[in-house]
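Visitor: Chain order of the listed sequences is A and B. 177 is the number that our numbering gives to position 177 of the first sequence; each next residue is one higher, with no gaps. 684 is the number that our numbering gives to position 256 of the second sequence; each next residue is one higher, with no gaps.
Please keep in mind that the hints were generated in silico from the structure rather than gathered at the bench. Honestly, I wouldn't trust all of these hints.
[Stated by the list, open to error] Under the rule of at most 25 Å between Cα atoms (straight-line distance), these lysine-lysine pairs were calculated in the BS3-like manner:
hint, chain 1, residue 1, chain 2, residue 2
1, A, K69, B, K746
2, A, K69, B, K799
3, B, K775, A, K88
4, A, K88, B, K802
5, A, K351, B, K746
6, B, K799, A, K102
7, B, K844, A, K348
8, A, K351, B, K775
9, A, K348, B, K856
10, B, K802, A, K348
11, A, K102, B, K802
12, A, K348, B, K746
[Stated by the list, open to error] From the derived model, a few chain A residues whose C-beta atoms are all more than 10 Å from chain B:
hint, residue
13, A2
14, R15
15, R18
16, K58
17, P92
18, L95
19, I106
20, D303
21, P309
22, E341
23, M353
24, K358
25, R399
Since the model is a prediction, treat every value here as computed from it, not as a measurement. The beta-carbon is built from N, C-alpha and C at its ideal position, and this holds for glycine as well.
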Amino acid sequence: MASLPSYEWLEGKARESRFLNDPHVTRLVELAKDKSLFEKSPSYLSNLRRDLLRSSLKFFARNSEFYEKLLANLGIDPDAAELEDLAKLAVPSDLLRGDGIKRFLIPSRDEGGFTFRSSGTSGKTPVRIYRSPLELLLMTVANANLFEYVYGGELKQGEGLALFLAAEELKNHLNFVAFVDLALQYKKIRLLYGMDLVPESGDTPLWKRLVPNTKRIAEFIKSREEPKLFFSAPAGVHLVSQQFAGLGLLKKALYKLALGAPPIDLGRGGVIVTGGGSKGLQVPEYHVIVEEARRVFKAEDKDTGGEVPVPFMDVLGMTETLTALLDNYGVMHKIPHPLQEVFLLDPKTYKPMEQYNKDGLLAIYDPLAVSWLEVFIPGDIVRQVPSDRYYGREFIYVRRLTEEEGWSLQRACGGTLEELMIRGGEIQ
Amino acid sequence: MSIEVPVFYPGIDPKGIEHVKHEDLVLHEVKADWLIPLLKAAPSTQQELANTPLKQRLKAISMLGEEWLEKLESGKLSRLKEELARATGYPLKLIDLEFDFVAEVLNQENLVRILDVSLTGGAESLERLVELAPGERVRTMPAGPVLIIGSGNSIIPPLIPTTLSIVTGNFTILRPSITNIKAVQEVYSPLQNLPNDDPLRRALIVGYYAHESRNLKTLLEKAPLGVVNYWGGEPGRTLVAHMLAVNPYRPRFIVNGPMTGFAIIDSEHVDQQTAERLALEMILYEQQLCNSPTQAALIGPRHEAIQFAEMLASALEKIGQEYSLQSETLPYALFVLIRSLELAGAKVLASTDPRNPWTIVVSENDSALAKLPKDALLPLHYRRRFIEIVAVQNTKEALALIEKLPKNPAYQGVDKVQTIAIALTPDKITEIEKNLHRLGVYRVVPLGESYLRTPLEPYDGLHIPQAFTYTVYLRVR
Chain A
1 MASLPSYEWL EGKARESRFL NDPHVTRLVE LAKDKSLFEK SPSYLSNLRR DLLRSSLKFF
61 ARNSEFYEKL LANLGIDPDA AELEDLAKLA VPSDLLRGDG IKRFLIPSRD EGGFTFRSSG
121 TSGKTPVRIY RSPLELLLMT VANANLFEYV YGGELKQGEG LALFLAAEEL KNHLNFVAFV
181 DLALQYKKIR LLYGMDLVPE SGDTPLWKRL VPNTKRIAEF IKSREEPKLF FSAPAGVHLV
241 SQQFAGLGLL KKALYKLALG APPIDLGRGG VIVTGGGSKG LQVPEYHVIV EEARRVFKAE
301 DKDTGGEVPV PFMDVLGMTE TLTALLDNYG VMHKIPHPLQ EVFLLDPKTY KPMEQYNKDG
361 LLAIYDPLAV SWLEVFIPGD IVRQVPSDRY YGREFIYVRR LTEEEGWSLQ RACGGTLEEL
421 MIRGGEIQ
Chain B
429 MSIEVPVFYP GIDPKGIEHV KHEDLVLHEV KADWLIPLLK AAPSTQQELA NTPLKQRLKA
489 ISMLGEEWLE KLESGKLSRL KEELARATGY PLKLIDLEFD FVAEVLNQEN LVRILDVSLT
549 GGAESLERLV ELAPGERVRT MPAGPVLIIG SGNSIIPPLI PTTLSIVTGN FTILRPSITN
609 IKAVQEVYSP LQNLPNDDPL RRALIVGYYA HESRNLKTLL EKAPLGVVNY WGGEPGRTLV
669 AHMLAVNPYR PRFIVNGPMT GFAIIDSEHV DQQTAERLAL EMILYEQQLC NSPTQAALIG
729 PRHEAIQFAE MLASALEKIG QEYSLQSETL PYALFVLIRS LELAGAKVLA STDPRNPWTI
789 VVSENDSALA KLPKDALLPL HYRRRFIEIV AVQNTKEALA LIEKLPKNPA YQGVDKVQTI
849 AIALTPDKIT EIEKNLHRLG VYRVVPLGES YLRTPLEPYD GLHIPQAFTY TVYLRVR
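Please model the complete structure; the sequences and the hints are all you need to start from.
Guide: In structure tokens, the structure reads:
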């Protein structure tokens with residue numbers, strides 16, 4: 001399938017899944033929808049994830065000879081599997097390039113899904129990940145629930161307006177855009193894309209063909225709907241902030257007359273959601289981007305209606321993740337979905353690492369993936385800190401592994417979005 | 429701060445040096461237009477050398493060894509050892525071992541044995557006509573000037589051809605690797621103390637040329653060279669060959685290309701002693717020698733291969749700690765490779781100690797490394813203390829692995845297997861002997877001795893003194 005299917009289509013197609021009679025999968029479907037998970041204790045969730053790991057390993061072993069042999073070869077007993085076993089199974093994402101995913105897919109997977117691919121900006125063959133319709137549905141629901149938790153409230157069906165500073169076609173390429181698109185369809189919130197792709201000429205890459213759609217951006221700025229959700233790479237936020245902050249008095253007055261901005265009022269419950277982080281590109285530090293934006297954007301508290309500094313959320317997601325990690329600036333660090341097992345490996349020995357406030361190699365296990373056993377190492381260094389929230393831990397993004405450390409993976413999808421706006425390392 | 433890389437040549441004229449910036453180094457390259465006239469005059473230096481009694485030449489070389497030992501014992505080389513350990517990544521203990529070997533390479537008795545076995549007419553033919561049969565005489569003449577382009581980290585490999593080139597009477601230019609140049613220059617530095625009229629004092633230049641050096645290109649394309657001896661692989665080998673193809677003096681091109689070692693062990697030798705021998709071979713020089721075993725066949729069932737792998741693991745753990753590395757981190761690329769092998773169904777035993785990062789892969793019938801996706805592979809150069817043991821049913825299958833190795837993507841850039849190290853029963857050794865013609869290997873030695881050479885051994889199928897000389901045959905009646 002070349003285009004990301006609609007949420008409505010997915011709902012229908014997911015009902016045809018051959019796995020809906022499998023108790024493991026039906027349990028996952030229920031858990032993906034379950035918002036009460038966000039109220040559970042860390043130990044409850046930790047036990048739940050261990051149960052899911054065990055039943056997941058059994059599911060994959062009975063559905064694939066590859067996994068049956070792999071578990072035997074690694075000496076992993078599905079009935080007694082623990083976190084240490086996940087570390088043995090984690091696949092470095094470099095191995096998912098090209099057709100790398102094929103050997104991990106179970107033969108009986110549901111067909112008719114969608115394949116995400118990384119941008120290939122690293123010059124290497126892109127990572128490609130297949131998602132069945134059922135997985136896409138679970139991904140949408142689970143991400144939406146996580147979003148609402150980190151956002152701090154429910155997004156009401158059909159209320160509000162969103163702008164994504166990207167072209168719509170990118171939802172067929174980048175996970176971050178696809179996550180947002182499907183989640184907003186699920187919540188029936190209208191999404192405008194603030195950029196267009198100019199027609200293809202020769203081998204011009206996608207990212208060189210993006211141009212702003214001023215009409216849609218203006219529609220978003222002028223809209224009185226609430227809440228207004230602004231999605232972008234950090235570079236996009238920086239760009240908009242710079243443009244508005246640099247206006248002379250006359251231009252400012254003209255903009256104010258035409259658009260009612262600056263400031264750009266995101267209204268009650270308004271939020272800016274970024275994806276990717278700077279990844280070493282020439283954009284300011286994240287806190288500078290936030291400070292700049294808070295001088296140009298304004299928002300009101302979703303409950304009291306009083307003016308508040310514009311809330312900022314950031315998404316850490318990549319082609320391989322079914323659910324992302326989200327943070328809320330100044331409120332919480334990155335936190336995963338309650339079902340996702342995020343663990344760190346010691347970057348010197350690659351053994352599981354439990355210490356807080358120490359840099360570790362990020363590894364993720366997502367039990368909601370049922371086409372392949374989704375345990376992978378995306379190539380990011382993060383730090384975990386204790387938390388009194390449901391997960392018991394939160395994560396701070398530190399950096400990408402460097403080439404010197406033997407790393408050559410694609411950037412996370414948000415980072416790719418930033419590259420789309422960058423020419424020769426300078427923001428245009 | 430830039431580091432200067434000087435030239436060693438007692439008669440060097442500062443005007444003959446070009447300072448070339450190369451990364452954080454300033455290379456003192458001998459200018460081609462200064463060197464070419466010197467090379468044109470080299471035949472007279474070579475004649476002087478040829479007229480110098482062999483005993484005197486050998487004594488001078490032996491003296492280099494003695495001075496080296498003196499410096500070693502007095503601790504004058506300690507800093508050099510540390511620098512070399514840092515630059516190569518080799519353990520200090522290995523550098524100690526290598527520095528001890530230097531005097532052996534320069535030992536005159538060993539050199540005479542090499543010359544005797546290598547040259548028609550023996551060592552004697554280097555200084556006079558030797559009668560092979562009534563009325564038939566031969567004299568060995570230098571084929572130089574000789575240019576030796578060395579590579580690699582260790583210092584012994586460039587010393588052997590250089591010493592033999594000088595002893596056989598050649599004006600010699602050695603371009604070692606940037607890593608070992610300082611140590612190599614230190615070995616030959618006492619030559620500058622010889623009297624001015626001693627031709628040996630004027631017989632050797634040791635200097636570095638960058639890969640893209642204009643001076644080196646001119647030398648290869650235009651200089652009156654007799655022999656070019658290239659140690660290394662692609663793309664340098666082909667580039668040098670192309671440049672030499674237009675040289676009007678038609679120098680001989682002798683290549684010692686990249687190769688590797690292969691071990692064969694049978695069920696009868698699955699024991700701790702064999703494991704320890706293999707472990708030592710894997711640790712010495714971090715498998716960077718052309719003879720270090722990097723793949724092994726175990727003739728026996730898989731469970732026996734695993735049993736041997738466990739013995740090897742314990743030996744590597746023990747011996748590896750004696751030769752511990754400075755590293756604090758296991759390379760991520762190695763982790764990716766190990767994980768890929770495990771996912772491919774291979775049994776992997778691996779250390780988690782970055783200072784002793786050994787890895788043993790056990791596969792069955794065929795190489796698991798050969799089947800991995802390209803993105804997962806780690807070039808041979810980076811696979812250190814790493815071996816794949818393939819369980820095979822018989823000697824024939826073991827030999828098939830040797831034949832297939834150059835096509836294995838994990839061995840990209842390697843020409844072929846140079847050395848087979850064996851721990852086998854006599855019947856299996858006989859089978860290897862019968863198949864030598866199709867294996868193309870150059871050496872078969874007992875496991876644990878791949879890195880050892882006797883003076884009688886040729887290098888990659890050729891006696892080096894032969895490469896640097898030609899034989900004149902005289903029958904006047």
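Visitor: Work down the list of hints and note, for each, if the structure agrees.
Guide: Right, here's what the structure says about each hint:
1. A threshold of 25 Å between alpha carbons decides the hint, and for K69 of chain A with K746 of chain B the separation of about 32 Å lies outside it, so the pair is violated.
2. With a CA separation close to 17 Å, the supplied pair K69 of chain A and K799 of chain B stays within the 25 Å bound.
3. Annotation: proposed proximity of K775 of chain B to K88 of chain A holds, straight-line Cα distance about 13 Å (limit 25 Å).
4. About 21 Å separates the Cα atoms of K88 of chain A and K802 of chain B, which keeps this hinted pair within 25 Å; it holds.
5. Annotation: proposed proximity of K351 of chain A to K746 of chain B holds, straight-line Cα distance about 22 Å (limit 25 Å).
6. Of the pairs offered as hints, the one joining K799 of chain B and K102 of chain A holds, with about 15 Å between alpha carbons and a cut-off of 25 Å not exceeded.
7. Between K844 of chain B and K348 of chain A the alpha-carbon distance is near 34 Å, which puts this suggested pair outside the 25 Å criterion.
8. Taking the CA atoms of K351 of chain A and K775 of chain B, the gap is near 18 Å; set against the 25 Å cutoff, the hint holds.
9. Note on K348 of chain A and K856 of chain B: the hinted pairing is violated, with a Cα-Cα distance of about 43 Å set against a maximum of 25 Å.
10. At most 25 Å may separate the alpha-carbon atoms for a hinted pair to count; K802 of chain B and K348 of chain A meet this at roughly 24 Å.
11. As the CA atoms of K102 of chain A and K802 of chain B are separated by approximately 15 Å, the hinted pair is consistent with the 25 Å bound.
12. For the hint linking K348 of chain A to K746 of chain B, the alpha-carbon distance of about 21 Å falls within 25 Å, and the restraint holds.
13. Under the 10 Å C-beta cut-off, the non-interface status given to A2 of chain A relative to chain B holds; the minimum distance is some 25 Å.
14. No beta-carbon of chain B is positioned within 10 Å of the beta-carbon of R15 of chain A; the least distance is around 33 Å.
15. A cut-off of 10 Å between C-beta atoms confirms that R18 of chain A is not in contact with chain B; the least separation is 26 Å.
16. Residue placement check: K58 of chain A keeps its beta carbon more than 10 Å from all beta carbons of chain B (closest about 19 Å).
17. Non-interface status of P92 of chain A relative to chain B is broken: a Cβ of that chain comes within 10 Å, the nearest being about 5 Å off.
18. The beta carbon of L95 of chain A sits about 6 Å from the closest Cβ of chain B, which is not more than 10 Å, so the claim that it is off the interface is violated.
19. Every CB of chain B lies more than 10 Å from the CB of I106 of chain A, the least distance being 15 Å, so the non-interface label holds.
20. No beta-carbon of chain B is positioned within 10 Å of the beta-carbon of D303 of chain A; the least distance is around 46 Å.
21. No Cβ of chain B comes within 10 Å of the Cβ of P309 of chain A; the nearest lies about 39 Å off, and the non-interface call holds.
22. The Cβ of E341 of chain A sits about 18 Å from the closest Cβ of chain B, beyond the 10 Å cut-off, so the non-interface label holds.
23. With 10 Å as the threshold on Cβ separation, the claim that M353 of chain A sits away from chain B holds: the shortest Cβ distance comes to roughly 12 Å.
24. Listed as a non-interface residue, K358 of chain A keeps its Cβ farther than 10 Å from every Cβ of chain B; the least gap is roughly 14 Å.
25. Residue-level check passed: R399 of chain A sits 14 Å from the nearest beta carbon of chain B, beyond 10 Å.
When each numbered hint is compared with the structure, violations occur for hints 1, 7, 9, 17 and 18.
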